[in-house]
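*Asks:* Each chain, written out:
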Amino acid sequence: DAKTTQPNSMESNEEEPVHLPCNHSTISGTDYIHWYRQLPSQGPEYVIHGLTSNVNNRMASLAIAEDRKSSTLILHRATLRDAAVYYCILRDGSNSGYALNFGKGTSLLVTP
Amino acid sequence: ETGVTQTPRHLVMGMTNKKSLKCEQHLGHNAMYWYKQSAKKPLELMFVYNFKEQTENNSVPSRFSPECPNSSHLFLHLHTLQPEDSALYLCASSLPIGSGGATDTQYFGPGTRLTVL
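Protein sequences, first through last, are from chains P and B. 8 is the number of the first residue of the first sequence in the numbering used here; add one for each residue after it. 373 is the number of the first residue of the second sequence in the numbering used here; add one for each residue after it.
Isolated chain P, as found in the complex (with noise of 0.2 Å):
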């Protein structure tokens, strides 16, 4: 699988807005990006993917270049429950890979 890098660490303040930013210049066209978050002891939990558009869901936004070669998780009011590991991860489309390949994500922490 293609290879994803993100910053180690952001932190935001509560209730604004975070962008999450992830560069995976050398995707290919099958790929899809996935992110992933986990909380404090906790296992990772799905947060939103996407193939060329941008998506939404209940959870955040997920922005895609147009030229895919970067993505950012948008997390449109940050609160205190937000703090977690984010991890950005390609998954393959053109086969049925089923290994999820976890980096060492961008810790958020989020302040009051």
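Hints listed in this document are in silico derivations from the structure and should not be mistaken for laboratory results. There's no promise every hint is true.
[Stated by the list, open to error] Across the chosen pairs, the derived CB separations fall in these ranges: (1) P:Thr33 x B:Gly375: 20 to 26 Å; (2) P:Lys111 x B:Asn430: 27 to 33 Å; (3) B:Asn442 x P:Asn61: 37 to 43 Å; (4) B:Pro380 x P:Pro47: 16 to 22 Å.
[What the hints assert, rightly or not] Capping the alpha-carbon separation at 25 Å, the derived lysine to any residue pairs in SDA-like fashion look like this: (5) P:Lys76 x P:Asn63; (6) B:Lys412 x P:Asn63; (7) B:Lys412 x P:Asp89.
[To be verified] In silico negatives: residues of chain P with every beta carbon more than 10 Å from chain B: (8) Ser60; (9) Asn61; (10) Ala67; (11) Ala90; (12) Asn108; (13) Thr118; (14) Pro119.
Predicted, not measured: the structure shown is a model, and the values here were computed from it. Think of the CB as a built atom: it goes at the ideal place given N, C-alpha and C, for glycine as much as any other residue.
Please build the complex by placing chain B on the supplied structure of chain P, with the hints as guidance.
*Replies:* Then chain B, alone, in the frame of chain P:
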């Protein structure tokens, strides 16, 4: 609550002990996974089962022995572990492998925090 439960949540064992980790999913999935998360390292895939058949063993030492008696239950049997095996062991489940491809979502349990003395 993700629909995936793991027991015990914490386990301390000596190097000569034998113990088992249990995972149960209530989501109707047919694929189940074991991951290992060591301190300051990314999650590592250990084993994958699809319809009770093991489809992946990611070069895991034989002191870790998985068992999948049915699609809802997954065990990880541990024996003669080393201190470096201390980690968070996570179980996950998903739709059958290949059914959704790269859009599949994996649902994780809370993990078992294992300490080997």
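*Asks:* Please go over all the hints and tell whether each is borne out by the structure.
*Replies:* Right, here's what the structure says about each hint:
| no. | hint | in the structure |
| --- | --- | --- |
| 1 | P:Thr33 x B:Gly375: 20 to 26 Å | violated (34 Å) |
| 2 | P:Lys111 x B:Asn430: 27 to 33 Å | violated (19 Å) |
| 3 | B:Asn442 x P:Asn61: 37 to 43 Å | holds (40 Å) |
| 4 | B:Pro380 x P:Pro47: 16 to 22 Å | holds (19 Å) |
| 5 | P:Lys76 x P:Asn63 | holds (19 Å) |
| 6 | B:Lys412 x P:Asn63 | violated (31 Å) |
| 7 | B:Lys412 x P:Asp89 | holds (20 Å) |
| 8 | Ser60 | holds (14 Å) |
| 9 | Asn61 | holds (16 Å) |
| 10 | Ala67 | holds (14 Å) |
| 11 | Ala90 | holds (17 Å) |
| 12 | Asn108 | violated (8 Å) |
| 13 | Thr118 | holds (23 Å) |
| 14 | Pro119 | holds (26 Å) |
Checked against the numbered hints given earlier, the structure breaks hints 1, 2, 6 and 12 and satisfies all the rest.
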